[in-house]
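Visitor: If you want the building blocks of each chain, they are given just below.
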Amino acid sequence: MQNPLSNLLATQSIYWPWWAGALALGFIAIFFPLVLRRPLGVSGLLGRLVHWKEENEAADAEEQLAEAGDLEAALMAATLARFGDEATKQPAAPACDEPAAADGLSVRIRPAEHFMFFAAVVIGAFLAALAHGTAQLRWSLGPAFEAYFGSGPLSMGVLAAGGLMIGFGVRMGGGCTSGHGLTGCGAFQPASFLGTASFFGAGVAAAFLLRGLLG
Amino acid sequence: MSEKNICPHAESCELFPQFSLKAALKLWQIHYCEAKFEGCERYKLSLEGKPVPITLLPDGTNLSAKPAK
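Line by line, the protein sequences are chains A and B. If you read the first sequence in our numbering, its first letter stands for residue 895, the second for the next number, and so on. If you read the second sequence in our numbering, its first letter stands for residue 1422, the second for the next number, and so on.
Only chain A is shown next, with the shape it has when bound in the complex (with noise of 0.2 Å):
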């Protein structure tokens, strides 16, 4: 008799292959910022969809001062009004002790094209498993999770809890599999690093725990 784990790896066969997989997440991580200004995360691209009113406050905000064109000016009026005298005590000179000031601000955006993103993610998935001949309605996560949690109520009621629980960690870890794991590392950032290698060891621990209790 097969273990759930031998038949985890027996449905690899239903992906593409890893190096596929690895170019195209590569190619995404890279360009998404350099076309956008902004890191390629899932999760707070969500955040962002489930803000969408303030966000549209924010980019309305943004282009209207675009519009009126000159934010330095704008900035140094309420700092005057901040600050008062203490702000024209400063020397007129800039402070160059400090790096210059992005040469552009990122660009804020819609959540109407946060949704694109999230069809095109759906869409794309579709058209991978359509290409790879793998394409059908599924309501099982495969053998291995139906080896462990069955297919009626019970997997239902874990696939729910597991998405809160994913949800809750990467609201409070600031980001998941691609903000840290693509983007961060990619950018070296240390919490990056400790993020992901923390989500990925509790990941392995708990099959591996799940594999004695259950297995």
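Please keep in mind that the hints were generated in silico from the structure rather than gathered at the bench. Each residue gets a CB set at the ideal place from its N, CA and C atoms; glycine is no exception. It is possible that part of the hints are untrue.
Unchecked claim - Label-pair ranges, simulated between beta-carbon atoms: (1) A:Leu1031 - B:Asp1480: 35 to 45 Å; (2) B:Asn1483 - A:Phe1009: 46 to 56 Å; (3) B:Asp1480 - A:Leu1104: 46 to 56 Å; (4) A:Gly1044 - B:Asp1480: 24 to 34 Å; (5) B:Asn1483 - A:Gly1080: 29 to 39 Å; (6) B:Ala1456 - A:Met1059: 31 to 41 Å; (7) B:Ala1456 - A:Ala1025: 49 to 59 Å; (8) B:Asn1426 - A:Gly1036: 42 to 52 Å; (9) B:Ser1433 - A:Glu957: 17 to 27 Å; (10) B:Ala1456 - A:Ala1055: 38 to 48 Å; (11) B:Lys1471 - A:Leu1088: 21 to 31 Å; (12) B:Asp1480 - A:Gly1036: 18 to 28 Å; (13) B:Asn1483 - A:Ala916: 42 to 52 Å.
Knowing the structure of chain A, use the given hints to seat chain B on it.
Guide: Frame of chain A, contents of chain B only:
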């Protein structure tokens, strides 16, 4: 040498580099980014996971599209 207690969100803050443009603007960094960043409205909004508009200043005021004369 004393080490500055710089806001952990400074790297991702869109206004932080703008505050380096002029000595007067650097007052924002001195009073907020390098001091009481916990009181910065941008920092607080960011902690809530909400979008932080570039028009929001550390003291909670909003940049006007038309600068005061």
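Visitor: Look at each hint and say if it fits the structure.
Guide: Quick rundown of the hints versus the structure:
1. A:Leu1031 - B:Asp1480: 35 to 45 Å: violated, 54 Å
2. B:Asn1483 - A:Phe1009: 46 to 56 Å: violated, 27 Å
3. B:Asp1480 - A:Leu1104: 46 to 56 Å: holds, 51 Å
4. A:Gly1044 - B:Asp1480: 24 to 34 Å: violated, 57 Å
5. B:Asn1483 - A:Gly1080: 29 to 39 Å: Holds, at about 34 Å.
6. B:Ala1456 - A:Met1059: 31 to 41 Å: With a Cβ separation near 37 Å, Ala1456 of chain B and Met1059 of chain A satisfy 31 to 41 Å, so the hint holds.
7. B:Ala1456 - A:Ala1025: 49 to 59 Å: holds, 56 Å
8. B:Asn1426 - A:Gly1036: 42 to 52 Å: holds, 50 Å
9. B:Ser1433 - A:Glu957: 17 to 27 Å: Check passed, 21 Å falls within 17 to 27 Å.
10. B:Ala1456 - A:Ala1055: 38 to 48 Å: holds, 43 Å
11. B:Lys1471 - A:Leu1088: 21 to 31 Å: holds, 25 Å
12. B:Asp1480 - A:Gly1036: 18 to 28 Å: violated, 54 Å
13. B:Asn1483 - A:Ala916: 42 to 52 Å: holds, 44 Å
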